[in-house]
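Each chain, letter by letter, is given below.
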Amino acid sequence: MNILVFTKRVAATQEEELRITGEGQAVDLSKVPFKVNDWDNYSVEEAVRIVEKQGGAVTAISIGDAESDEVLRRAIAMGAKDGFLIDSGQVLHDPFARSELIRSFIDKEKVPFDIIFTGVQSEDDQFGAVGGILGAIMGLPYSSMVVGIDSVEKDHVVVRRELEGGLQERVKIATPCVLSIQSGINEPRYVSIMGIRKASKVERKVFKAADYAAGTAKIEVVKWVYPAKKGGATMLAGELADVCGQLLGILKEKGVCQ
Amino acid sequence: MSYALIVSEVRRGVFEERNLDSIGLGALLGKETVLLAPDGAYEINEKLVDTVVKVKSAEDVYLNPMNMGKILEQVFGARGKPDYILFTQSSSGTEAAAYTAGLYGFPVITDVSAYDKEAGVFLKSYYSDKVFGQFKASGGPAVLTVRSGSFREFAGEKAAAAKAETMEGAPAVDSRTFVEYVEEEKSDIDITKAEFLLSIGRGIGNQDEVASYEELAGVLRAVLSGSRPVIDKLWLPKARQVGTSGKTVKPKVYLAMGISGAFQHIAGMKDSDCIIAVNKDAEAPIFQYAHYGIIGDIHKVRDKLKEIAKA
Numbered sequence: 001m002n003i004l005v006f007t008k009r010v011a012a013t014q015e016e017e018l019r020i021t022g023e024g025q026a027v028d029l030s031k032v033p034f035k036v037n038d039w040d041n042y043s044v045e046e047a048v049r050i051v052e053k054q055g056g057a058v059t060a061i062s063i064g065d066a067e068s069d070e071v072l073r074r075a076i077a078m079g080a081k082d083g084f085l086i087d088s089g090q091v092l093h094d095p096f097a098r099s100e101l102i103r104s105f106i107d108k109e110k111v112p113f114d115i116i117f118t119g120v121q122s123e124d125d126q127f128g129a130v131g132g133i134l135g136a137i138m139g140l141p142y143s144s145m146v147v148g149i150d151s152v153e154k155d156h157v158v159v160r161r162e163l164e165g166g167l168q169e170r171v172k173i174a175t176p177c178v179l180s181i182q183s184g185i186n187e188p189r190y191v192s193i194m195g196i197r198k199a200s201k202v203e204r205k206v207f208k209a210a211d212y213a214a215g216t217a218k219i220e221v222v223k224w225v226y227p228a229k230k231g232g233a234t235m236l237a238g239e240l241a242d243v244c245g246q247l248l249g250i251l252k253e254k255g256v257c258q
Numbered sequence: 001m002s003y004a005l006i007v008s009e010v011r012r013g014v015f016e017e018r019n020l021d022s023i024g025l026g027a028l029l030g031k032e033t034v035l036l037a038p039d040g041a042y043e044i045n046e047k048l049v050d051t052v053v054k055v056k057s058a059e060d061v062y063l064n065p066m067n068m069g070k071i072l073e074q075v076f077g078a079r080g081k082p083d084y085i086l087f088t089q090s091s092s093g094t095e096a097a098a099y100t101a102g103l104y105g106f107p108v109i110t111d112v113s114a115y116d117k118e119a120g121v122f123l124k125s126y127y128s129d130k131v132f133g134q135f136k137a138s139g140g141p142a143v144l145t146v147r148s149g150s151f152r153e154f155a156g157e158k159a160a161a162a163k164a165e166t167m168e169g170a171p172a173v174d175s176r177t178f179v180e181y182v183e184e185e186k187s188d189i190d191i192t193k194a195e196f197l198l199s200i201g202r203g204i205g206n207q208d209e210v211a212s213y214e215e216l217a218g219v220l221r222a223v224l225s226g227s228r229p230v231i232d233k234l235w236l237p238k239a240r241q242v243g244t245s246g247k248t249v250k251p252k253v254y255l256a257m258g259i260s261g262a263f264q265h266i267a268g269m270k271d272s273d274c275i276i277a278v279n280k281d282a283e284a285p286i287f288q289y290a291h292y293g294i295i296g297d298i299h300k301v302r303d304k305l306k307e308i309a310k311a
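Chains as they are written, first to last, in the working numbering: chain A, 1 to 258; chain B, 1 to 311.
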């Protein structure tokens, strides 16, 4: 079983204050740390587990700048055999353009695969669309929101898809196929700094995005804006003890705490 | 013909409430609204759209993105291509939207939460609602997925009921087939019944901290719940998850600690009587939905709360 896994280096913005530059031209990420996209971490883990059990190889692929090599090393440390970087220089916002680039790359380089994994979404743009577009333009069956892979057979896989409210559906999909992996599907293994250092001895191949058909972007960002302010909360301020006292007062007032 | 096609979502015989947001955006777009729905006996308020097209396909066939591609081919054949195709921002809606965009080479914008008619741009969240991009689409009907709760106020009743049409279903593909639904395992705790929830998120940092929040919940007589990252990391069981893929809760008090407030989480708790958020990030989206907020270190707040409450 050969599995291609896409992994992306994303800005870790959870605890960062983001600033929009100029008249809304860009989001300033110059002071923000970067990390592997959470969803891709789960995807790499899932692919490696399948290959460890059934044989085959995992190839990790990243689209991005040279810095993205770091998520490839990470994937190799987790058990991927190869790491391919498609050096795109700039960010491709349009999931369509990204999917076209991936298809063109796989075709031209004749990369063999049985299953393609993508994360359900990436933490930065949260499009959640690359896997679906890719499946369609490659003429492959597709499933998103995969929270469990129950069986991997020669010509099909049986997976569980996450729906809403705790419900799941089990579906059968013929291979080759594209699956988008949901967070929480497994417990990704710990990757040590030593492991990543060792992984850097495995050669990662670099390809130039310009060598492949990227397709024209169908959507564009006209402007970046901050979220519209709603009512907002009444902020409790003061010394820690004072703030906590106020909080307990609210709980008492609401009748949930003595 | 100029129209907006609303691909509605019906699951287990229920016309999902979030379809109202697609209908609302359809109305805002100012086009004729054509609502697509599968066969079945469920209720639709037929005054909300101009036309309802029922496809003679079973629900599970209709929900399969690959079959939807074939069904849409028939719709386009009968009425021409629409100006917009609206799906729900949900597990199946997003899946089908992306696949449809790929099949037909249409532009796609997901998680649309606002529309600026004058500028003709759609707002889409980036970085968990910290900023939004104003997007424009070109080169074909725009495929959009519509964030639940964003547009339902614009879904107004028209004077007359919609024109009702039926359409033959497309033959189902065999490369992806529905097997069965899998229900969540039963749990002894039902967080939807709790009057007071203490909910923890990614901000707690690591698993070792969970026990101490459990202790705080005990002291305050609250039930402990969590947001998606905490459940994904297996720090709390799935039955304790608040959000669209977990439980929707409406307690008297919802105390959120270290939860930034992804929209999927907000959707699961926004109707609580009183929301109190503690987060070190002053820009965390949750403060927009909370009634009371504290900007600060959640561990320090936790320890101080315990100390005062025990005294």
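Quick caveat, the hints were computed from the structure, so don't treat them as lab data.
All C-beta atoms, glycine included, are put in the ideal place defined by N, C-alpha and C.
Among the hints, a few may not be true.
[Claimed, not checked] Once the Cα atoms are required to be at most 16 angstroms apart in a straight line, the calculated EDC-like pairs of lysine to aspartate or glutamate come out as: (1) A/Lys172 to B/Asp50; (2) A/Lys172 to B/Asp174; (3) A/Lys201 to A/Asp82.
[As the list claims (entries may be wrong)] Derived coverage of chain A by chain B (criterion: at least 3 residues anywhere in the stretch with Cβ under 8 angstroms from a Cβ of chain B; other residues may be distant): (4) 44 to 57; (5) 64 to 78; (6) 91 to 102; (7) 131 to 139; (8) 172 to 178; (9) 204 to 214.
Cross-check of the supplied hints:
1. Distance check on the hinted pair: A/Lys172 and B/Asp50 sit about 37 angstroms apart at the alpha-carbon level, beyond 16 angstroms; violated.
2. Only pairs whose Cα atoms come within 16 angstroms are accepted, and A/Lys172 paired with B/Asp174 is accepted, the gap being roughly 9 angstroms.
3. At roughly 11 angstroms between alpha-carbon atoms, A/Lys201 and A/Asp82 fall within 16 angstroms of each other, so this suggested pair holds.
4. For the segment 44 to 57 of chain A, the assignment as covered by chain B is violated, since 0 residues bring a beta-carbon within under 8 angstroms of that chain's beta-carbons and 3 are needed.
5. With 0 residues having a beta carbon nearer than 8 angstroms to a beta carbon of chain B, the segment 64 to 78 of chain A misses the requirement of three or more and the stated coverage is violated.
6. For a cut-off of 8 angstroms, the count of residues in the segment 91 to 102 of chain A with a CB near a CB of chain B stands at 5, and the three-residue condition holds.
7. Requiring three or more residues with a Cβ within less than 8 angstroms of a Cβ of chain B, the coverage given for the segment 131 to 139 of chain A holds, as 7 such residues are present.
8. For the segment 172 to 178 of chain A, the proposed coverage by chain B is satisfied: 4 residues have a C-beta within less than 8 angstroms of a C-beta in that chain, meeting the threshold of three.
9. Counting residues of the segment 204 to 214 of chain A whose beta-carbon sits less than 8 angstroms from any beta-carbon of chain B gives 0, not enough to reach three: the coverage restraint is violated.
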